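Protein chains in written order, with our numbering: chain D, 1 to 399; chain S, 1 to 399.
Hints may be right or wrong, so weigh each one.
When chains are identical, the list treats them as one kind, so a pair holds in a single copy or across two.
Unchecked claim - Okay, derived cross-link-like pairs now, EDC-like style, lysine to aspartate or glutamate, Cα gap no bigger than 20 Å in a straight line:
hint, residue 1, residue 2
1, Lys-247, Asp-230
2, Lys-274, Asp-230
3, Lys-274, Asp-21
4, Lys-247, Glu-294
5, Lys-247, Glu-302
6, Lys-299, Glu-287
The hints are simulated quantities; they were obtained by calculation from the structure and are not laboratory data.
None of these values were measured; they are calculated from a predicted model.
Protein chains: 2
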Amino acid sequence: MTDLAGRFRQLWDEIAPIGRDPRSGGYLRYALTEPELRLRDWFRDQAARRGMPVTDDGNGNLFAWWGDPEAGDAVLTGSHFDSVPHGGAYDGPLGIVSAFLAVDELRTAGVAPVRPLALGAFVEEEGARFGVPCLGSRLLTGALAPQRAAGLVDADGVSFAEAWGGPPAGARPELLGRFAAFVELHVEQGRALIEADAPVAVADAIWPHGRWRLDFTGEGNHAGTTRMADRRDPMLTYAFTVLAANKEARLRGAHATVGRVAVEPNATNAIPSKVTGWLDARAAEQETLSGLVEAVHAKAAERARRDGTDVLLTEESATPLVAFDGGLAGRLAALLGAPVLPTGAGHDAGVLAAHLPTAMLFVRNPTGVSHSPAESATDADCAAGVTALARVLEELACR
Amino acid sequence: MTDLAGRFRQLWDEIAPIGRDPRSGGYLRYALTEPELRLRDWFRDQAARRGMPVTDDGNGNLFAWWGDPEAGDAVLTGSHFDSVPHGGAYDGPLGIVSAFLAVDELRTAGVAPVRPLALGAFVEEEGARFGVPCLGSRLLTGALAPQRAAGLVDADGVSFAEAWGGPPAGARPELLGRFAAFVELHVEQGRALIEADAPVAVADAIWPHGRWRLDFTGEGNHAGTTRMADRRDPMLTYAFTVLAANKEARLRGAHATVGRVAVEPNATNAIPSKVTGWLDARAAEQETLSGLVEAVHAKAAERARRDGTDVLLTEESATPLVAFDGGLAGRLAALLGAPVLPTGAGHDAGVLAAHLPTAMLFVRNPTGVSHSPAESATDADCAAGVTALARVLEELACR
Numbered sequence: 001m002t003d004l005a006g007r008f009r010q011l012w013d014e015i016a017p018i019g020r021d022p023r024s025g026g027y028l029r030y031a032l033t034e035p036e037l038r039l040r041d042w043f044r045d046q047a048a049r050r051g052m053p054v055t056d057d058g059n060g061n062l063f064a065w066w067g068d069p070e071a072g073d074a075v076l077t078g079s080h081f082d083s084v085p086h087g088g089a090y091d092g093p094l095g096i097v098s099a100f101l102a103v104d105e106l107r108t109a110g111v112a113p114v115r116p117l118a119l120g121a122f123v124e125e126e127g128a129r130f131g132v133p134c135l136g137s138r139l140l141t142g143a144l145a146p147q148r149a150a151g152l153v154d155a156d157g158v159s160f161a162e163a164w165g166g167p168p169a170g171a172r173p174e175l176l177g178r179f180a181a182f183v184e185l186h187v188e189q190g191r192a193l194i195e196a197d198a199p200v201a202v203a204d205a206i207w208p209h210g211r212w213r214l215d216f217t218g219e220g221n222h223a224g225t226t227r228m229a230d231r232r233d234p235m236l237t238y239a240f241t242v243l244a245a246n247k248e249a250r251l252r253g254a255h256a257t258v259g260r261v262a263v264e265p266n267a268t269n270a271i272p273s274k275v276t277g278w279l280d281a282r283a284a285e286q287e288t289l290s291g292l293v294e295a296v297h298a299k300a301a302e303r304a305r306r307d308g309t310d311v312l313l314t315e316e317s318a319t320p321l322v323a324f325d326g327g328l329a330g331r332l333a334a335l336l337g338a339p340v341l342p343t344g345a346g347h348d349a350g351v352l353a354a355h356l357p358t359a360m361l362f363v364r365n366p367t368g369v370s371h372s373p374a375e376s377a378t379d380a381d382c383a384a385g386v387t388a389l390a391r392v393l394e395e396l397a398c399r
Numbered sequence: 001m002t003d004l005a006g007r008f009r010q011l012w013d014e015i016a017p018i019g020r021d022p023r024s025g026g027y028l029r030y031a032l033t034e035p036e037l038r039l040r041d042w043f044r045d046q047a048a049r050r051g052m053p054v055t056d057d058g059n060g061n062l063f064a065w066w067g068d069p070e071a072g073d074a075v076l077t078g079s080h081f082d083s084v085p086h087g088g089a090y091d092g093p094l095g096i097v098s099a100f101l102a103v104d105e106l107r108t109a110g111v112a113p114v115r116p117l118a119l120g121a122f123v124e125e126e127g128a129r130f131g132v133p134c135l136g137s138r139l140l141t142g143a144l145a146p147q148r149a150a151g152l153v154d155a156d157g158v159s160f161a162e163a164w165g166g167p168p169a170g171a172r173p174e175l176l177g178r179f180a181a182f183v184e185l186h187v188e189q190g191r192a193l194i195e196a197d198a199p200v201a202v203a204d205a206i207w208p209h210g211r212w213r214l215d216f217t218g219e220g221n222h223a224g225t226t227r228m229a230d231r232r233d234p235m236l237t238y239a240f241t242v243l244a245a246n247k248e249a250r251l252r253g254a255h256a257t258v259g260r261v262a263v264e265p266n267a268t269n270a271i272p273s274k275v276t277g278w279l280d281a282r283a284a285e286q287e288t289l290s291g292l293v294e295a296v297h298a299k300a301a302e303r304a305r306r307d308g309t310d311v312l313l314t315e316e317s318a319t320p321l322v323a324f325d326g327g328l329a330g331r332l333a334a335l336l337g338a339p340v341l342p343t344g345a346g347h348d349a350g351v352l353a354a355h356l357p358t359a360m361l362f363v364r365n366p367t368g369v370s371h372s373p374a375e376s377a378t379d380a381d382c383a384a385g386v387t388a389l390a391r392v393l394e395e396l397a398c399r
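Please work from the sequences and hints to get the whole structure.
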């Protein structure tokens, strides 16, 4: 183990127990709940140890500064503390812990920034508590109105404004204008780096993606007495559509998932009257994504005619392609000698990319699994991530 | 409209509003809740108007007697008042209302029973409140231990003993021994009488049927970032199995339904780690049913190998064939000139059939739909049902 891997492990172990569910081994670090508030205290403490003043943007996002927060032309790095239910340890916190260690690396090397360096901790990136992913970055950039955010409620009926202790400030263009670039380091959520045999990559894009609700309606009836020929069973149309979505995505090199379903009345001895499935679809190009969703809808409608059911497709959300700043991604890939890859997941970097040059670094995940306790990264790869981030920050902020 | 159809409508309208949900048009008549208690009061009132004393069996089942309750060799008819959630008006109550009107028909014709005639109202036939169908008849016959029934709880944690006002009495062999035959009139739950173009049929059997739980396990993962080739998605295996169950049932002339599903974590952007589906399967013969379930299991296991998932089949309940008394069914069919058909649904008659000669009469349902607000029967067909039941009771009790 290198010294840096040892220092990574030491700092990592400070937060590893916080919010961990001993039963699943996963994390329950929902935004502004006790575990996440402890992590925010830990953030302030780490910043204080390094003499870095902490500001907040009035929306729940924290920034620790090396250099003058008011000077402008600052380089921002960081990520988020919050998790999905029973999520992994690395998704989010790795980017913050790595940022503190990268500052230490620069200082040990005697390198100082010529423009301000800011470490960010964004609030509610996963959307697991209040339902809107990237809530903090959307507020900061004005992509989400503060009145709307204030009224979002969690499963217990607590509003974001109540959890945060007041109404959020909303868009902060003058603060946003002080950042010249954002680099988010994140654990990889797939297996591309395993196959590339590399510990770190640079992301160049977030795939266009969205959620579509498919409402299948038929005729509720008695499972025991209704002849097969007399049925209008929407579960059949649903099942066919699940398989069609999988097939159509594979044919296009895209991603399609039906991971959520609701059934009425959802009784063992009742043919359902209604089945609702949610299609999560993503592809490298918008045209491919649109073609995929259209094909799934067409297959569902064709099967519905055979089943005597109806299907209604509703787009619930759609996010276009986020192309990270091409110049920045290429520059960082050349600097690090790292592969370049796209990702299918949304991130705060995707929100900020509309406002300033943005890039992401991915650290290899030996399980390829994410949003699960099985998510992982070796200390050696995490150290490689810190080294890469330190080089990037030196390149962007210290020259 | 015949006079009898008019008398049916008049009596029917007395109970039609009780427990009706104005939103769905269906009924919420759960056993021993306010609407069902009102229907039980109505039963006592109707019996009193006809000079019929009412006894209860200590299990929640009510009996109104024409003749001496202690005499023995009695003929029993009746059904139940309770409904499934948002169920139809006819499933259950039609058999009780028709029984009172059949008594009126016999009396108008000057016919009196030579052995006692009992009208029964069984408790919790649907199992919608305490989870065990035919709870009342199972208690009466000893098929269910009273200690076990006492401890069954509803969704609010109220036990059957609390709802019923004390521990149930359990098996009553001396009471059961006083019944020589049971005839349950019921709305048809399928379309056979539409095709037979007949208002009334005699049932000769209840198909063997059961419930099997299918647990599909895979690997929970991120829907956006996990490549299709790297997935172990149990939703795919579930979907394939739903379609296979439908196909295998059709090939065998059997019934298969997957109307209930549970997904973990059931999130739009997560490949599920686990999907559980419940298979309801029924067939005319035990061998067909067993072959169907084995075929569905084999298809599921084959697909699971392709999907990298696992499937576990667990039998949750299995009810063998109930053949109603062949002599009685044939005698009633000949008497009425009515078609004979089997049914796929369980009934109190199926429970009592193990203890005494039992038969069922079905009244045509023009929608073929049951366990749904769309369940229906015309007043004319209900009058035909009353006429048929009166002839059966005259044949069995008055000669």
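Which hint numbers doesn't this structure obey?
none
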